[in-house]
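Q: Given the coordinates of chain A, assemble chain B onto it according to the supplied hints.
Chains as they are written, first to last, in this note's numbering: chain A, 1 to 164; chain B, 1 to 149.
Source of the hints: derived by calculation from the structure; they are not laboratory data. Bear in mind that the values here come from a model prediction, so they are computed numbers and not experimental data. Misleading hints may appear alongside valid ones.
[Stated by the list, open to error] A few chain A positions that, by computed beta-carbon distances, are all more than 12 Å from chain B:
hint : residue
1    : G54
2    : I69
3    : G84
[Unchecked claim] If we take Cβ atoms under 10 Å as the criterion, some of the chain B residues that face chain A in the derived model are:
hint : residue
4    : E29
5    : V31
6    : A37
7    : S44
[As the list claims (entries may be wrong)] In silico EDC-like pairs for lysine to aspartate or glutamate, Cα to Cα no more than 20 Å straight-line:
hint : chain 1 : residue 1 : chain 2 : residue 2
8    : B       : K47       : A       : E103
9    : A       : K12       : B       : E29
10   : B       : K16       : B       : E29
11   : B       : K47       : A       : E118
12   : B       : K47       : B       : D14
13   : B       : K80       : B       : E29
14   : B       : K47       : B       : D27
15   : B       : K47       : B       : E82
16   : B       : K47       : A       : E153
17   : B       : K20       : A       : E103
18   : A       : K12       : A       : D25
19   : A       : K65       : A       : D34
20   : B       : K47       : A       : D150
21   : B       : K130      : B       : D110
22   : B       : K20       : B       : E58
23   : B       : K47       : A       : E146
24   : B       : K20       : A       : E118
25   : B       : K16       : A       : E118
26   : A       : K12       : B       : D50
27   : A       : K12       : B       : D27
28   : B       : K47       : A       : E112
29   : B       : K80       : B       : E23
30   : B       : K16       : B       : D38
31   : B       : K80       : B       : E102
The C-beta atom is built at its ideal place from N, Cα and C for all residues, glycine as well.
What follows is each chain in one-letter form.
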Amino acid sequence: MSSKVLVALRIKAPPLRVFEVFTADIGAWWRPNDLFSFTPRSPGVLAFEGAGEGSRLVERLPSGKVFEIGPVRVWTPGERLVFGWRQATFAPGMDTEVEVRFEAVGPSENQETRVTVEHRGWDTVPIEHVARHHFPDGVFLHRHGEWWRDLLEGLRQALISPSP
Amino acid sequence: MARASLTSALCYRDPKAALKWLEAAFDFELVMLIEDADGNLAHSEMKFGDSLVMIGNEWTAQHKSPASIDGFNTQSVHIKVEGDVDAHCQRARAAGAEILMEPADQFYGDRTYRCRDLEGHFWTVGAAVKAVSREEAEAASGLKIQGWM
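One chain only, chain A, in its complex shape (with noise of 0.2 Å):
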């Protein structure tokens, strides 16, 4: 799968406990971007529904229906996360995957986790197709880079500072 975009970054949280919001409490810190939405009802509010294999990422929109994003195809709690991502406009064969890591990095005293998303996939969506804009293939990537950013920093920010 190419055309993809990878973000990084590091959080003060050990990686079994990062997993568990990236997983558990995604409602709560994902932030919505009107160039991605998934279906023209969103935003809704995401969820994954069970865990493990098997399991899948949906959103809950307003009007009570509910859209699947995509299938959960790798669970490792404290490491690896994989899901597929479709938007309500995509056709068949279009596809992009999304894997997640969640690295220990620094001593053991004080551990962080470097999280890396990896969004590929992007080059079964043509370019001229509602979901990229009119954007040229660079610009649409840096732009969903950048929301990826933003997503992790939501992530980030749910971590470090405790729910009220």
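A: Showing chain B alone in chain A's frame:
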């Protein structure tokens, strides 16, 4: 992360090899990578301390790696480290850096070394090791110095 006002963008013939090399030699950390449909690097950013460098390819006929122009450089990047410059130099040497100047104390209070990377970019690495006044620096160097910080 917040962007510094200045960011260097370097050109490499093989930027993906440069990403690995810069991590091994200088402990830079990849924070963004964009690849096109053919798997070629389109854009990347590495972080060190509070700063970024962009690692790219020779994206126009006028953007060249030193490896493509007989080793010439038209600018170089200075890395400010906290701590042991000699250990930093050892790590860079082990990763394949060509050390052009071994670590040495400078009249302005830094200890620095200079090296050449896998495609010929020059890098200077320094750490503050001693507080030096403007007068002391002028006396040691014979230079007239303005804007001393």
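Q: Against each hint, give a clear statement of whether it holds in the structure.
A: Hints and how they fare:
No Cβ of chain B approaches the Cβ of G54(A) within 12 Å, the least distance being about 30 Å, so the stated non-interface status holds. Distance to chain B confirms I69(A) as a non-interface residue, since its nearest Cβ pair spans about 22 Å, more than 12 Å. Chain B leaves G84(A) outside its interface by the beta-carbon criterion, the shortest separation being 19 Å against a cut-off of 12 Å. Contact between E29(B) and chain A, as hinted, is supported at the beta carbon level, the nearest pair being about 7 Å apart and thus within 10 Å.
For V31(B), the shortest C-beta to C-beta distance to chain A is roughly 5 Å, which falls under 10 Å, so the interface hint holds. Using the Cβ-Cβ criterion of 10 Å, the hint placing A37(B) at the interface with chain A is satisfied: the shortest such distance is roughly 4 Å. At a threshold of 10 Å, the smallest CB-CB gap from S44(B) to chain A is about 8 Å, leaving the interface hint in force. Simply put, K47(B) and E103(A) have alpha-carbon atoms about 17 Å apart, close enough for the 20 Å limit, and the pair holds.
Taking the CA atoms of K12(A) and E29(B), the gap is about 16 Å. The hint holds against a cut of 20 Å. Restraint check for K16(B) and E29(B): satisfied, since their Cα atoms lie roughly 13 Å apart, inside the 20 Å limit. Of the pairs offered as hints, the one joining K47(B) and E118(A) holds, with about 17 Å between alpha carbons and a cut-off of 20 Å not exceeded. Of the pairs offered as hints, the one joining K47(B) and D14(B) holds, with about 19 Å between alpha carbons and a cut-off of 20 Å not exceeded.
Taking the CA atoms of K80(B) and E29(B), the gap is near 15 Å; set against the 20 Å cutoff, the hint holds. Between K47(B) and D27(B), the direct Cα distance comes to roughly 9 Å. Compliance with the 20 Å bound is thereby established for this hinted pair. Between the alpha carbons of K47(B) and E82(B) the distance comes to roughly 15 Å, so the proposed pair stays at or under 20 Å and holds. The hinted pair formed by K47(B) and E153(A) meets the criterion: a straight-line CA distance of about 15 Å does not exceed 20 Å.
Note on K20(B) and E103(A): the hinted pairing holds, with a Cα-Cα distance of about 17 Å set against a maximum of 20 Å. Proposed proximity of K12(A) and D25(A) is supported: the alpha carbons are some 17 Å apart, at most 20 Å. Of the supplied pair hints, the one linking K65(A) and D34(A) holds, its CA atoms being roughly 19 Å apart against a limit of 20 Å. A C-alpha spacing of about 16 Å is found between K47(B) and D150(A), which places the hinted pair at or below 20 Å, so the restraint holds.
Among the hinted pairs, K130(B) with D110(B) is consistent with the structure: their alpha-carbon atoms are about 7 Å apart, no more than 20 Å. Distance check on the hinted pair: K20(B) and E58(B) sit about 18 Å apart at the alpha-carbon level, within 20 Å; holds. Our distance criterion of 20 Å between C-alpha atoms is met by K47(B) and E146(A), whose separation comes to about 15 Å. With a C-alpha separation of about 17 Å, the suggested pair K20(B) and E118(A) falls inside the 20 Å cut-off, and the hint holds.
As the CA atoms of K16(B) and E118(A) are separated by approximately 16 Å, the hinted pair is consistent with the 20 Å bound. Between the alpha carbons of K12(A) and D50(B) the distance comes to roughly 16 Å, so the proposed pair stays at or under 20 Å and holds. About 18 Å separates the Cα atoms of K12(A) and D27(B), which keeps this hinted pair within 20 Å; it holds. Taking the CA atoms of K47(B) and E112(A), the gap is near 16 Å; set against the 20 Å cutoff, the hint holds.
A C-alpha spacing of about 16 Å is found between K80(B) and E23(B), which places the hinted pair at or below 20 Å, so the restraint holds. Only pairs whose Cα atoms come within 20 Å are accepted, and K16(B) paired with D38(B) is accepted, the gap being roughly 14 Å. Restraint check for K80(B) and E102(B): satisfied, since their Cα atoms lie roughly 16 Å apart, inside the 20 Å limit.
Checked against the numbered hints given earlier, the structure satisfies every one of them.
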